[in-house]
Amino acid sequence: MIAIIDYGAGNTASVANALEELNVKFRIAKTEGVICKAEKIIFPGVGHAASAVRNLHILNLFNLLRILKRPLLGICLGMQLFSEKSIEGDTACLGVLPVDTKKFDETKVTVPNMGWSKVKSIKESKLFEGLQNEEFFYFAHTYFVPINEFTIATANHDVNFTAAIEKNNFYGVQFHPEKSGKAGLQILENFVEKC
Amino acid sequence: MPSRRIIPCLDVKDGRVVKGTNFVNLRDAGSAVELARRYYEEGADELVFLDITATVEKRKALIKLVEEVAKVIRIPFTVGGGISSVEDIDVLLKAGADKVSLNSAIVKNPELISEAATRFGSQAVVVAIDIKKIDDEYKVFVKGGRENTFIEGFGWVKKTVELGAGELLITSMDKDGTKDGYDLDFLSKVKEMVTVPIIASGGAGNQQHFADAFNSANVDACLAASLFHYQEMKISDLKNYLKSVNVDMRI
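Chains A and B, in that order, are what the protein sequence lines are.
Heads up: the first sequence begins at 1 in this note's numbering, then just goes up one per residue.
Heads up: the second sequence begins at 1 in this note's numbering, then just goes up one per residue.
Next comes chain A alone, as it looks inside the complex:
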């Protein structure tokens, strides 16, 4: 069973719909108990980093996510919360990645970065198996995770930024696989089947 974490900061409906299309069993989870029973966990996220972290604390999930050993897929804000800190609200995050989440420079590019961008794989990962390199995925974000040693794929919006990460059991994508057509479904299927 896959748990989709519902902490009041994610669009769980879209991820749930995508998993239904893939015939994957899942539960929407808010509690430690359900999350600990899941084989894998999906951690979506939209909205503001500070309120997302506050909600994680209220539900008592913050530390759990840091120490979990099961495969965990952070989506969009979910992946950004893996960083040390987000400049959005100057928010202390989970500290999985050794970088801080930054903001795109509005004087140079359109912000939010909204639309379909090519994603370039730079390290092999099970997450991208069966996909062509430089496939399009859908992005909708104002903040980004800089490229770091755990970056497995990049995209560009004025700067090259992290499109996907892998570190031990932690996987993350800045784009929305649940909204990225067939390529996005492939990412979710890879996470469920292979990671």
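These aren't lab readings, by the way, just hints derived from the structure by calculation.
Treat the hints with care, since some could be wrong.
Said to hold, decoys possible - List of simulated lysine-lysine pairs, PhoX-like, C-alpha gap at most 25 angstroms:
#	chain 1	residue 1	chain 2	residue 2
1	A	Lys182	B	Lys71
2	A	Lys118	B	Lys243
3	A	Lys194	A	Lys118
4	B	Lys133	A	Lys182
5	A	Lys25	B	Lys64
6	B	Lys64	A	Lys40
7	A	Lys25	B	Lys94
8	A	Lys108	A	Lys118
9	B	Lys189	A	Lys40
10	A	Lys85	A	Lys25
11	A	Lys118	A	Lys25
12	B	Lys71	A	Lys25
13	B	Lys94	A	Lys182
14	B	Lys234	B	Lys13
15	B	Lys234	A	Lys118
16	B	Lys243	A	Lys120
17	B	Lys189	B	Lys159
18	A	Lys108	B	Lys189
19	B	Lys108	B	Lys158
20	A	Lys123	A	Lys69
21	B	Lys71	B	Lys243
22	B	Lys143	A	Lys30
23	A	Lys108	A	Lys126
24	B	Lys179	B	Lys133
25	B	Lys133	B	Lys94
26	B	Lys94	A	Lys108
27	B	Lys234	A	Lys108
28	A	Lys108	A	Lys194
29	A	Lys194	A	Lys37
Using the hints, position chain B against chain A.
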């Protein structure tokens, strides 16, 4: 930079897609869910649903339709029409919409933009601005184009972005339904004024009109409705053409 987007718009009334000329004379164009599926398969980058009866008849947007659409398409979609509170937005996003489009309510209550952006993130907040040129000045219209607010267009653009709009959907009422081309003059000025993405709407009649909006007005996305509904233009043909004239497209 992401690729430029082609966005079919589905004006919805009672679960059916309708489209009129200059905001009146509605024609039926089929089931909203079926059309959504077709556009997804043909390569649309995103969809917009406008519940055109919602504001006038004080109805809330069609939650059930949103749920059904979210089950069949794997691309982002925006829902608008009759949204007047953060609670309205919450329900739509939970039903599976990615963004909401705000129009009439924000004229009375501009703070709704900032409340929504704070709670759901700017990326979920599209501000729809309907513009009509009157005596050489652009005026903002609401309620499906029925009511002149007498607010000046460029000032309103600036204000909504300052309040936290994540994207602007600009419809030229003078052009809408004419197939005469987008309002390049207004769009290019708006694009220079703000840093959020701009969606052009109203007036598309042929492939060249899309190319002009992207290449001359530098918009991020082009929206059209009847052109696609009645199969006058296929999305895949349009995208191939645009790519051939150097517009960055997801093919």
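How the hints compare with the structure:
Proximity of A/Lys182 to B/Lys71 is assessed by CA-CA distance (about 14 angstroms); at most 25 angstroms being required, the pair is judged to hold. Pair hint A/Lys118 plus B/Lys243 holds up; C-alpha atoms about 15 angstroms apart against a cutoff of 25 angstroms. Restraint check for A/Lys194 and A/Lys118: the C-alpha separation of about 23 angstroms stays at or below 25 angstroms, so the hint holds. The hinted pair formed by B/Lys133 and A/Lys182 fails the criterion: a straight-line CA distance of about 43 angstroms is larger than 25 angstroms.
Distance hint between A/Lys25 and B/Lys64 is fulfilled; the C-alpha atoms sit about 23 angstroms from each other, no more than 25 angstroms. Distance hint between B/Lys64 and A/Lys40 is unfulfilled; the C-alpha atoms sit about 30 angstroms from each other, more than 25 angstroms. Of the pairs offered as hints, the one joining A/Lys25 and B/Lys94 holds, with about 20 angstroms between alpha carbons and a cut-off of 25 angstroms not exceeded. Simply put, A/Lys108 and A/Lys118 have alpha-carbon atoms about 20 angstroms apart, close enough for the 25 angstroms limit, and the pair holds.
The straight-line distance between the Cα atoms of B/Lys189 and A/Lys40 is roughly 49 angstroms, outside the 25 angstroms bound, and the hint therefore fails. Annotation: proposed proximity of A/Lys85 to A/Lys25 is violated, straight-line Cα distance about 33 angstroms (limit 25 angstroms). Restraint check for A/Lys118 and A/Lys25: not satisfied, since their Cα atoms lie roughly 30 angstroms apart, outside the 25 angstroms limit. Only pairs whose Cα atoms come within 25 angstroms are accepted, and B/Lys71 paired with A/Lys25 is accepted, the gap being roughly 16 angstroms.
For the given pair, B/Lys94 sits about 22 angstroms from A/Lys182 by alpha-carbon distance, which is consistent with the 25 angstroms threshold. Restraint check for B/Lys234 and B/Lys13: satisfied, since their Cα atoms lie roughly 23 angstroms apart, inside the 25 angstroms limit. A C-alpha spacing of about 24 angstroms is found between B/Lys234 and A/Lys118, which places the hinted pair at or below 25 angstroms, so the restraint holds. The suggested pairing of B/Lys243 with A/Lys120 holds, with an alpha-carbon distance near 20 angstroms, which does not exceed 25 angstroms.
At most 25 angstroms may separate the alpha-carbon atoms for a hinted pair to count; B/Lys189 and B/Lys159 meet this at roughly 15 angstroms. For the hint pairing A/Lys108 with B/Lys189, the CA-to-CA distance comes to about 17 angstroms; that is within 25 angstroms, so the pair holds. Proximity of B/Lys108 to B/Lys158 is assessed by CA-CA distance (about 16 angstroms); at most 25 angstroms being required, the pair is judged to hold. At most 25 angstroms may separate the alpha-carbon atoms for a hinted pair to count; A/Lys123 and A/Lys69 meet this at roughly 22 angstroms.
Taking the CA atoms of B/Lys71 and B/Lys243, the gap is near 30 angstroms; set against the 25 angstroms cutoff, the hint is violated. For the hint linking B/Lys143 to A/Lys30, the alpha-carbon distance of about 40 angstroms lies beyond 25 angstroms, and the restraint is violated. Straight-line distance between C-alpha atoms of A/Lys108 and A/Lys126 comes to about 34 angstroms, which puts the hinted pair past the 25 angstroms bound. Restraint check: the Cα-Cα separation between B/Lys179 and B/Lys133 comes to about 17 angstroms, which is no more than 25 angstroms; the hinted pair holds.
Proximity of B/Lys133 to B/Lys94 is assessed by CA-CA distance (about 37 angstroms); at most 25 angstroms being required, the pair is judged violated. For the hint linking B/Lys94 to A/Lys108, the alpha-carbon distance of about 33 angstroms lies beyond 25 angstroms, and the restraint is violated. Proximity of B/Lys234 to A/Lys108 is assessed by CA-CA distance (about 34 angstroms); at most 25 angstroms being required, the pair is judged violated. Taken as a hint, the A/Lys108 and A/Lys194 pair is broken in the structure, with Cα atoms around 39 angstroms apart against an allowance of 25 angstroms.
Using a Cα cut-off of 25 angstroms, the hinted pair A/Lys194 and A/Lys37 holds, with the two alpha carbons roughly 19 angstroms apart.
Figure legend: structure checked against the earlier numbered hints; hints not met, in rising order: 4, 6, 9, 10, 11, 21, 22, 23, 25, 26, 27, 28.
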